[in-house]
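J.: Listed below, chain by chain, are the residues.
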Amino acid sequence: KAGVTQTPRYLIKTRGQQVTLSCSPISGHRSVSWYQQTPGQGLQFLFEYFSETQRNKGNFPGRFSGRQFSNSRSEMNVSTLELGDSALYLCASSTQGGALETQYFGPGTRLLVL
Amino acid sequence: QKEVEQDPGPLSVPEGAIVSLNCTYSNSAFQYFMWYRQYSRKGPELLMYTYSSGNKEDGRFTAQVDKSSKYISLFIRDSQPSDSATYLCAMSRPGTYKYIFGTGTRLKVLA
Numbered sequence: 019k020a021g022v023t024q025t026p027r028y029l030i031k032t033r034g035q036q037v038t039l040s041c042s043p044i045s046g047h048r049s050v051s052w053y054q055q056t057p058g059q060g061l062q063f064l065f066e067y068f069s070e071t072q073r074n075k076g077n078f079p080g081r082f083s084g085r086q087f088s089n090s091r092s093e094m095n096v097s098t099l100e101l102g103d104s105a106l107y108l109c110a111s112s113t114q115g116g117a118l119e120t121q122y123f124g125p126g127t128r129l130l131v132l
Numbered sequence: 005q006k007e008v009e010q011d012p013g014p015l016s017v018p019e020g021a022i023v024s025l026n027c028t029y030s031n032s033a034f035q036y037f038m039w040y041r042q043y044s045r046k047g048p049e050l051l052m053y054t055y056s057s058g059n060k061e062d063g064r065f066t067a068q069v070d071k072s073s074k075y076i077s078l079f080i081r082d083s084q085p086s087d088s089a090t091y092l093c094a095m096s097r098p099g100t101y102k103y104i105f106g107t108g109t110r111l112k113v114l115a
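Order-wise, the sequence lines are chains B and D. Per my numbering, the first sequence starts with residue 19, numbered consecutively. Per my numbering, the second sequence starts with residue 5, numbered consecutively.
Just chain D, with the same shape it has in the complex:
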C-alpha cells in the first residue's frame, strides 16, 4: 500500500464549477501537507501548504486537512480553463528532508 493515495482522474468539469481534489495517507507522522500544480511539460509549483487540521484559504483555493481521518482536500472555486493541470498532494514529517507525493490528479476545466 502506498503511503499517499490520490485518484489519477482525469477529472473534467465545466468552467465555473467547484472542484474537489483529495488524497488519503497512511502515515500518521505526516505533519506538513502541500498541494502542487503541474502544467504540461513544466515542473510542479507550490499552490498551498498547511501543517494543521482545518481549512486554509487563498483566493479561489481552499486546502483542508483532517488528520483524524488521514484525509486532505483541495477545493477550487469558480474554476477556469487555466486551472487545467495535474494537481499533486505532498506530505512530509518533521526531521526529514523528503516529501512524499501522490500520483497526481489530472484536471480539465472546459470552457
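Okay, chain B solo, but in the shape it has when bound:
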C-alpha cells in the first residue's frame, strides 16, 4: 500500500499570502488529521476529518481551515499568513479515526513565511 502523501513538500510564502496544502491518505482510510509541528510547541492538533465532516478542532485561529473530499483526500488552507505560521505541517490518516487506532503520518509540508 502506498503511504500518506503530502504536496508540496516545501513552500515559501510571504506575510499576508494564503496557502493550500494537500494530503492523500492511505487507500481505505477515511480519517485525516492535520498537525502543526514547531520546535517550541511540538505537534499541535489542528483538525480531524471523517467522511467529509470535521469532527474535532484544535485551538487555532479561523485563518486555519480544512476540508475533505469524497475520495478522503484533504486540503488545509491558511489565509493571511503570519511569520509564526512557519512550521512543518503533517497530516495523518487512519481507518476510522478512533482513539486507539494507529495514525500513519505523511512526510509533511515545510512552510516558511517571510
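Please keep in mind that the hints were generated in silico from the structure rather than gathered at the bench. On a predicted model such as this, the values are computed, not experimentally measured, just so you know. Please note: incorrect hints may appear among the correct ones.
Computed far set for chain B versus chain D, every beta-carbon distance over 12 Å [to be verified]:
1. G21
2. L29
3. E100
Here are the computed lysine-lysine pairs in the DSS-like style, where the Cα-Cα straight-line distance is at most 25 Å [to be verified]:
4. K74(D) - K102(D)
5. K31(B) - K46(D)
6. K75(B) - K60(D)
Virtual Cβ for every residue (Gly too), placed ideally from N, Cα, C.
Starting from the known structure of chain B, fit chain D onto it as the hints suggest.
T.: What follows is chain D alone, placed relative to chain B:
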C-alpha cells in the same frame, strides 16, 4: 501548563546503553498512550501503544504507564546509532478523535 510535558533533550548516550524517555500528563481522562519515533525530515511513525497501567514489551522497546502518577516511559535496551531520532509521546481519551503530543525528546546514540 501543557497537558503533556516532555523533556526536549537532547539526550546523548553511548551505543549499547539503556535509554529512558519520559512524559508526564495532567489530564486523568487520558486512557491511550503512544510512542512515536521521528527521523529527521520524516513524519512520525508509531512505535508502541498501550491503554493500561503496567509494562508492554516489543523487542528492545518497553513502554511503561503509571496512571496513578500520570507518568509514562519508554525504555530502549541495547541502543543503536539507528535509534537516533526524536521520540514523541502521545495520548488520547475515549470519544475524541485527537491525540495530544509531547514536544519530543531528541536522542543521539553515539557509535
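J.: Hints first: check each against the structure and report whether it holds.
T.: Against the structure, the hints come out as follows:
no. : hint             : verdict
1   : G21              : 9 Å, violated
2   : L29              : 15 Å, holds
3   : E100             : 21 Å, holds
4   : K74(D) - K102(D) : 19 Å, holds
5   : K31(B) - K46(D)  : 22 Å, holds
6   : K75(B) - K60(D)  : 31 Å, violated
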